[in-house]
Amino acid sequence: MAICINCGQESETYLCDKCGQKIDIGALCSDIMKYKHGLGQNALWDSMSAELFNSNSVESILFKITDDMVSPKREYVRILYIAGGVNNVSKANRQWLYKAYEICRESAGLSEWELNRVKGLVIDALYKDYFYAEAEELANEILGFEELPKQAYMTLADFYIKTRRYSKADEIIKKAAKLFAQDEYAVRELHELSKYNNNQRAKADSGKQEYMPAPKENKEEIRQRYMDFLASVGIYAEISESGRKTVNAKPTPGKTPKPIPKRLYPGPAEITESDFDSFVSFDLETTGRDSRYDSIIEIGAIKVVNGQITESKEFIFQEFVKPFQRTLSDDIQQLTGIAPDDVKDAREMWEVIPDFMEFAGDNILLGYNCVAFDGRFMVRAGRYSNIIIKNKYFDVMKYAKRFSRQMGCGNKRLSLAKLSKALDIKNPRAHRALADAVTTARAYLKLKEIETQRR
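In terms of our numbering, the sequence shown opens at residue 1 and continues consecutively.
A hint or two may mislead.
[Unchecked claim] Pairwise CB distance ranges, derived in the manner of DEER restraints: (1) L179 - L44: 35 to 45 Å; (2) E10 - E146: 44 to 54 Å; (3) L44 - I103: 31 to 41 Å; (4) K418 - E147: 46 to 56 Å; (5) R347 - R105: 40 to 50 Å; (6) R347 - G307: 27 to 37 Å; (7) Q334 - N140: 43 to 53 Å; (8) D129 - L179: 22 to 32 Å; (9) D275 - E358: 24 to 34 Å; (10) K344 - S107: 54 to 64 Å; (11) A430 - K398: 19 to 29 Å; (12) K398 - R292: 15 to 25 Å.
[To be verified] 16 Å max Cα-Cα, derived EDC-like pairs, lysine to aspartate or glutamate: (13) K150 - D183; (14) K150 - E184; (15) K178 - E146; (16) K401 - E451; (17) K446 - D424; (18) K448 - E273; (19) K258 - D228; (20) K99 - E134; (21) K262 - D228; (22) K162 - E136; (23) K322 - D341; (24) K322 - D294; (25) K448 - D275; (26) K162 - E134; (27) K162 - D129; (28) K216 - D129; (29) K99 - D129.
Hints in this document: simulated from the structure, not taken from any laboratory.
As the structure is a prediction and not an experimental result, all values here were calculated from the model.
Quick reminder that beta carbons are idealized off the backbone N, C-alpha and C, glycines included.
Using the sequences provided together with the hints, build the complete structure.
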């Protein structure tokens, strides 16, 4: 026979039927998590056996009285208990945490604040388990909120310090310090994080060893995973021959930079719904069709706002690119009109792409056959530029297929030239990047008009 933890009466469970009907189980669990035996916090609990309140018994009681709670509140309460006062989950419980988090994420019932509290714990577990890319994805997700739980800020700051992004850690620490200025414990913890951040930054500035994971097993594999992740966010690290010290390996001007590994780089992400009027229409000219070996030689783009095409300087991007380990064949010169002299003094693709992506911003990248062709070249350029291109692509060639019969084009593959002719769009400089980008933008807007008329 057990004792009801709320009223002290004998009961078949730790919460009798009467108390179970009237008590807020979530609040009771919160009190259990805060309870310290023998401090006079609760006379009933203090009168119970000290043996009952050892850590295993408390966990057993809490898990039993939450059995009747509805998901995801049940998992949420249990996660907070397992995390305890240290605000992290031990290695032994991390697999359980990941499963409980999936339930919390997929089930309605938690507030944004509560879910972000859980996400903070999951980020902590992920990077301590060396899943850096997954931790980064979740970190970016919660950073979109104006305010976060205290523990989430602590986790983010530590994560950014351990992945050598000291300025980002500074931002997190300063923001949290303002939000929790009245919390003495938080102030002390943030102060320690700030000291740790400054210490690691000083090591970086002086060429000393910065943080490097030191797992007991699979050390080489995990360290390589760590360095690959650093490269994916634009930070270069190498392990010296001694294996004790890391050194910066930032690209030297004129030298080929170390690219983000292929396995860490996402492919082009496509959208198919034509529910937008603002975008960046772009086109690439290249040395050939194989994105593994051929090179970009020109980028042209135009920024379209609310369906308005304005061919003025601030809305246009156009630049030649120096071919990377390739030359211009006679066929390419004839097709594009681009000569070797046009590109011999041009900037490398890893110098041009950052400027192009700054021009593009978060806009949809609209192009012609842009997912299968241009997007693949953009992946390679992004890898060498150490920029993860997250923009969505919209393929006008695929969009045009919806109207091919209406335009009298049949089911054959439509080239941009055939489409522009069918839509009565003139393109005097076909196969030059900017002209093709403008033509693609005009084609998209005309196709949208046709689609509107259909409705």
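Hints, one by one, checked against the model:
no.	hint	verdict
1	L179 - L44: 35 to 45 Å	36 Å, holds
2	E10 - E146: 44 to 54 Å	49 Å, holds
3	L44 - I103: 31 to 41 Å	32 Å, holds
4	K418 - E147: 46 to 56 Å	54 Å, holds
5	R347 - R105: 40 to 50 Å	43 Å, holds
6	R347 - G307: 27 to 37 Å	32 Å, holds
7	Q334 - N140: 43 to 53 Å	45 Å, holds
8	D129 - L179: 22 to 32 Å	28 Å, holds
9	D275 - E358: 24 to 34 Å	26 Å, holds
10	K344 - S107: 54 to 64 Å	60 Å, holds
11	A430 - K398: 19 to 29 Å	20 Å, holds
12	K398 - R292: 15 to 25 Å	23 Å, holds
13	K150 - D183	10 Å, holds
14	K150 - E184	12 Å, holds
15	K178 - E146	13 Å, holds
16	K401 - E451	12 Å, holds
17	K446 - D424	10 Å, holds
18	K448 - E273	11 Å, holds
19	K258 - D228	10 Å, holds
20	K99 - E134	15 Å, holds
21	K262 - D228	10 Å, holds
22	K162 - E136	12 Å, holds
23	K322 - D341	10 Å, holds
24	K322 - D294	12 Å, holds
25	K448 - D275	9 Å, holds
26	K162 - E134	15 Å, holds
27	K162 - D129	13 Å, holds
28	K216 - D129	12 Å, holds
29	K99 - D129	15 Å, holds
When each numbered hint is compared with the structure, no violation occurs for any of them.
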